[in-house]
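Asks: One line per chain: the protein sequences are A and B, in this order. In terms of my numbering, the first sequence opens at residue -4 and continues consecutively. In terms of my numbering, the second sequence opens at residue 6 and continues consecutively.
Among the clues, some could well be false.
As the list claims (entries may be wrong) - Subject to a maximum C-alpha distance of 20 angstroms in a straight line, what follows is the list of computed DMTMM-like cross-link-like pairs (lysine to aspartate or glutamate):
1. A/115 <-> A/63
2. A/115 <-> B/18
3. A/154 <-> B/140
4. A/115 <-> A/98
5. B/248 <-> B/83
6. A/172 <-> A/119
7. A/172 <-> A/98
8. A/115 <-> B/140
9. A/154 <-> A/144
What the hints contain is simulated information worked out from the structure, not anything from laboratory work.
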Amino acid sequence: VAVKVEVSRIEEGSAGRAAASGEAVLSELQPLVVRTVRLVVGSGSAVAEDAAQEALLEVSRSLSRLREQASAAAFAARIAARVAMRAARRERRFELLGVRARELSVPGANGQPSELVELKEAFDRLPPRQRATAVLRLYVGLSEQETAEALGCSVGTVKHQLHDARIALVAHLADGKEAKDQRRGGRA
Amino acid sequence: VIEDQVQREQVSDAQFRAMLEAFAGPASPLPPATPRRRRITRRTMILLAAALAALGLAVPGALALLGYWETPKQFLSDSRQPAYAKQSLRGLIKAFRQHGYRLTFGGWGGGPHPFRDFRVLGVTSGLVVHAPGSEARLYGLRLPHGYIGYLFFGSRSFVDFPPGSPPRSFPVRVQIIPTKKPLLGPLPPDSNSVARPCRRGWALQRLGGGDMPTPHGLGYEFGLASSKVASVHVRYHDGSTTKGAVGTGHFLVWMKPSAGWTNVTVIAENAAGKTIGRLVTSGYGGLPFTPTPAKPGSVYACAP
């Protein structure tokens, strides 16, 4: 997986350069942080981009606490997940009030196959914690143990969250299909 | 069912990853397209409307804080209100609860059609006038069935009780005024006494008055004051004046007992000190004596 490669590159590079400047580390961590936050908060929303900026700032402020360069990716992912979940929860409350985030066009997101678009829509309906678990495990490529540490929960909870996420995804996809069929039936 | 479906229609890790990679976007945060991050949907409007409605319900409390009017419960627990006002309101509430309100002459008892559900809905903050060594207060009452009411109090010294007189109820007058023809029962015998809005350009509207104690006590007169009225005073036939009070859309003036059997003029002035209304009344409060007799329907006279 591309991201896994990218993460291991960061780890190797960071380990090899003990004296690397914070700026260099940050620029290496940036893709991981930005994409993690974007996926957890909701790709294509203006709020996700703001949260990504916020997470980058928080990572840069916390770099002095980073003891082992080798664990930089897990360290950044932990901060990104925390900021993203906070933003996603805030956004859920806004949505309950009927205030929606403005949509942005994310390069590369347009023209994706409809199955992926449907899956993404279903994914965006998952609770923030399930989204964060899925992103850290399946996109960032953290182990179950690392994901548990990043989210401050047990390994069992990580497994449980992923399982629940899959069930909810299937249910949301089924709902989506049903709604589509009904619309088609109505038109006919 | 869903568990079974998951078994059959499992979202594979590969699909999951493909979706996440497809929507992960660029490595840098995107610049905002518009200054505003959020947009408002119809649901927001509905919630805003609901919030406004809730605010409307909370307005009695808010208005009480601003000093406009209070619910009876708020009034009775308001430390700014004098004990005699609270005692009197309690008595009024009790009377309404026990007897309702009967549409007879003056309102109390005996009539065939009592409003059993008559109750005090709210009390306006008091207007206070200071006579030498005493004070008088006026409170407006919000009442049901198109009625408005007033509680007028004089401090004990206002009515000059003889020294050593036993402690007794303080002087209080209750005036209940219909603003439309009642649905039940007849109008009181003074059937011209339905307060109606004054014509455009009005400054004062008399609603009540009298003297306390009757007869030959201090006179008082109260009513509505338009928003243009900044101050009121009473001018006597000898040219002297006494100051009244204006607030929350009402005025209250007091008259010297010496004014007694003469007419006096209540004068309303605007903020610039210009006279904008004159209301002739008797020195005992109420309808003026001849040569300016009350015309039918002028119980609640408007000025100018």
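Asks: Which hint numbers doesn't this structure obey?
Replies: 1, 3, 5, 7, 8
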